[in-house]
Amino acid sequence: MEFVFTDEQNMIRDTAESFLQEVSTSAAIRDAMATERGYDPALWQTVCTDLVWQAIHTPEDCGGLGLGYVELVAMQEQMGRFLFCSPYFSSVCLGINALLVAGSAQQQQQYLPEFCAGKTATLAFAGAAAAARGGRWDVATVDATFTTQGEHYQLNGSYEFVTDGASADYLILAARDAASQADEGIHLFIAAADTKGIERELLPTMDQTRKWARIKLNNVRLPKASMLGDESKAAERNGAQSLAVILDLATIALAAEQMGGAQQLLDMTVAYSKERNQFGRAIAGFQAIKHKAADMMLRVEVARSGVYYAACVAEESLQALQAGTPVDRAALQEAASVAKAYCSDAFFKNAGEAIQIHGGVGFSWEYDVHLYFKRAKASEQFLGTGAWHRERLAALLLDGEGVL
Amino acid sequence: MKLSFSAADEQFREEVAHWLQQNLQGEFEPIRYRGGPGDEHMFHHERHAWEQRMAQGGWTCVGWPQQYGGRGCSIEQQVIFFEEYARAGGPGRVGHIGEGLAGPTIIAFGSEAQKQKYLPGIVSGKELWCQGYSEPGAGSDLANVKTKARFDEAIQQWVINGQKVWTSLAQEADYCFVLARTDPDSRAHKGLGFFLVKMDQPGIEVRPIQQMTGTSEFNEVFFDDAVCAADDIVGAPGEGWKVAMGLLGFERGVSTLGQQMQFQNEFNEIVKIAKSNGAAQDPALRQRIAKAHTELKIMRYNAMRMLSGQSGGDGALQREALIYKLFWASWHRELGELAMDVLGPQSQILEAAPYQLSRLQAMYLFVRSDTIYGGTNQIQRNIIAERGLDMPKEPRL
Ligand SMILES: Cc1cc2nc3c(=O)[nH]c(=O)nc-3n(C[C@H](O)[C@H](O)[C@H](O)COP(=O)(O)OP(=O)(O)OC[C@H]3O[C@@H](n4cnc5c(N)ncnc54)[C@H](O)[C@@H]3O)c2cc1C
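As given, the protein sequences belong to chains A and B, one line each in that order.
Everything in the first sequence is counted per my numbering, starting at 1 for the first residue and increasing by one.
Everything in the second sequence is counted per my numbering, starting at 405 for the first residue and increasing by one.
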């Protein structure tokens with residue numbers, strides 16, 4: 001047991017930090033968020049070809065670096081800190097994870113090298129139910145359907161809240177057997193985004209640093225080989241279970257981003273409080289301000305502990321998948337929900353306090369605080385709010401025998 | 405970064421579990437799960453006997469170096485030990501002030517003679533300690549202590565006069581470590597000394613203070629020409645503040661691990677009640693139970709981070725260590741409220757007249773002190789802001 005970064009992990013984090021500090025400036029963020037795509041494609045190519053960040057946890061034989069989830073989470077933390085506008089989360093934490101979890105060896109060989117070279121991807125799964133009751137993000141929300149037609153599948157339906165859905169090169173689509181319900185009959189498919197019958201609509205979002213889209217499928221025909229998983233072991237393909245694992249892995253990566261954002265808000269706010277003078281002294285000297293800052297730091301450090309732990313659990317899950325042994329589902333769900341529940345609230349609370357401590361300028365468009373405030377709410381809503389994850393934990397703890 | 409324990413550590417886990425299973429039974433059965441927060445006065449003699457049984461098995465001071473009679477356990481093994489201890493329902497440790505505070509301070513700052521004289525009594529579980537810091541005029545502002553220590557050349561002993569307050573378990577302790585002023589003209593943290601004082605002597609009077617639980621875990625301690633030997637001062641006269649602060653470092657360190665496992669037991673009991681009385685179906689309570697679970701889990705990871713990481717070169721606490729007291733104290737206070745709300749109106753009925761509290765009732769009341777002793781929440785926030793965030797220091801008049 002060891003609960004600190006290795007030297008190599010520290011190096012990865014430091015490299016990410018210094019690069020992002022340089023490129024993800026306030027001006028760069030504002031330029032990127034004003035575009036439809038939401039990021040600078042030239043910069044994304046640099047990230048992919050020079051820094052090979054998006055290949056971080058893809059196995060070496062598929063063109064990746066073969067590192068682990070802890071390294072991925074270390075990157076995510078820095079991207080959250082600097083509000084880096086890029087398709088990293090959607091391509092790596094949704095797209096690549098989907099292939100790693102559900103793809104057959106052949107599908108991995110086919111697609112991962114492309115993803116590692118800079119092709120982007122995202123996951124579309126949530127149907128209309130995701131918008132109900134304050135947001136639901138479980139597998140059962142899938143309501144797109146597929147039917148088998150000879151050597152093809154035909155998909156119909158729609159998806160809400162698809163991250164980078166309008167710009168991604170590839171889409172991982174979750175769809176269910178038309179007659180199925182809940183967790184039954186769900187499968188994952190991979191499709192080029194320009195496949196005939198796929199309609200993508202960019203949704204204007206309050207948080208402009210990450211784009212969401214609605215995707216509609218009108219009689220989309222996909223070949224047999226597009227269904228993720230090994231066709232020769234069709235009986236073992238369990239799309240619902242794969243989807244659940246993919247979502248938990250993505251949730252952990254998102255929590256890391258939230259933690260990074262919460263950290264940056266603390267740093268910005270403390271720095272500002274030392275510069276701003278009122279009543280003849282820096283406002284940092286007022287105890288009411290100090291105590292708020294101390295609480296912000298507490299939230300960051302607690303969030304960090306939860307995220308690093310979850311990263312280790314995610315790493316163990318991916319290793320189990322690679323070895324063909326069962327994933328400890330309860331441990332993964334618990335780690336993901338613990339991290340997301342805490343980080344969602346921590347990021348949002350820190351953002352609120354940051355505005356308060358900045359005073360009037362915190363309310364201005366010019367200062368960056370509002371960018372974080374908006375990202376905080378968007379990330380909180382995405383993949384489940386704190387309350388949603390707490391309810392999921394409560395079910396694991398309190399219902400039936402209780403598995404935690 | 406990795407989570408799993410080595411095979412050797414897992415074997416150690418079995419060894420601990422086996423020993424506890426063999427020993428925490430028979431005469432010790434009644435003290436299982438007892439003596440926790442708010443319950444510290446219960447079964448004192450049985451728990452003292454248990455401490456000595458632990459010592460016979462080599463299970464006291466597991467984290468101390470072997471040369472001082474400890475077991476020399478790695479951090480991993482200490483984590484395992486405390487986990488298994490809690491799982492087995494091990495009672496609150498009567499020796500914790502000696503093992504967790506006095507001993508480590510003596511090991512770090514004491515002379516060879518002091519180590520010889522005091523450590524064996526702690527390791528054997530026989531001698532108990534208490535902490536003489538706070539005074540009526542020196543609470544959060546600890547540096548304001550007025551108790552005086554004067555070296556009497558005639559008898560070649562230190563002579564101590566003054567009053568301490570809120571001294572936990574002073575009525576049971578064999579020794580007290582006392583922060584007192586060696587230079588009568590000094591102010592604040594200059595001119596203090598750190599003394600090891602025998603409780604059983606004519607110059608010391610212990611008067612219990614009744615606390616809101618109705619029980620008396622802490623006391624006033626009066627020093628009226630109390631004495632200790634010339635070499636019972638740790639460090640030099642004037643260095644007492646440095647020693648005392650070093651000790652607070654230990655207070656936030658490994659010794660909190662055992663306490664955290666205690667929290668897990670309390671939480672498990674609350675979950676059990678919630679499932680049996682239907683509170684587990686209430687959406688608002690489900691949220692609060694899950695929140696408590698979330699933060700308890702993270703508390704464990706945070707402790708592991710704290711223990712795996714190195715402190716800064718200057719001995720400064722890392723950020724995760726700086727926030728730890730504020731975090732667990734606030735969490736525990738909320739757990740107390742949750743316990744009562746899960747119990748519902750039944751929470752208001754005592755076990756017996758005149759004022760016998762159930763374990764959770766005692767916990768609920770006791771947790772109000774968690775955010776006060778060992779640095780109040782406000783003081784913790786000052787420390788975090790000043791040391792962790794380099795914000796301006798509080799003005800001192
Ligand atoms: C159960 C229990 C056991 C204890 N055991 C021991 C023991 O064994 N040995 C021992 O020496 N002591 C012990 N104590 C004493 C404990 O350390 C003190 O109570 C604590 O340091 C607070 O001091 P005080 O009670 O004088 O409160 P005060 O210092 O008077 O504080 C009162 C209020 O003012 C606030 N305050 C004070 N200063 C500031 C500031 N600078 N900024 C903002 N707010 C401030 C505090 O946060 C608090 O809310 C124990 C206390 C309790 C409750």
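Hints are computed from structural coordinates only; laboratory data are not their basis.
Given the structure is predicted, the values throughout are model-derived calculations rather than measurements.
We put the beta carbon where it would ideally sit given N, CA and C, even for glycine.
Each hint should be verified, as a subset may be incorrect.
[What the hints assert, rightly or not] Short derived list, chain B residues pointing at chain A, Cβ under 10 Å:
#  : residue
1  : Leu428
2  : Gly430
3  : Phe432
4  : Pro434
5  : Glu673
6  : Lys679
7  : Gln691
8  : Gly713
9  : Met795
10 : Glu798
11 : Arg800
12 : Leu801
[Stated by the list, open to error] Covered, in the sense of this in silico footprint (three residues per stretch, anywhere, with C-beta under 8 Å from a C-beta of chain B), are these stretches of chain A:
#  : segment
13 : 3-13
14 : 288-298
Evaluation of the provided hints:
| no. | hint | result |
| --- | --- | --- |
| 1 | Leu428 | violated, 25 Å |
| 2 | Gly430 | violated, 31 Å |
| 3 | Phe432 | violated, 29 Å |
| 4 | Pro434 | violated, 28 Å |
| 5 | Glu673 | violated, 13 Å |
| 6 | Lys679 | holds, 6 Å |
| 7 | Gln691 | holds, 5 Å |
| 8 | Gly713 | holds, 5 Å |
| 9 | Met795 | holds, 5 Å |
| 10 | Glu798 | holds, 7 Å |
| 11 | Arg800 | violated, 13 Å |
| 12 | Leu801 | violated, 15 Å |
| 13 | 3-13 | holds (count 5) |
| 14 | 288-298 | holds (count 8) |
Comparing the model with each earlier hint shows violations of hints 1, 2, 3, 4, 5, 11, 12; every other hint is respected.
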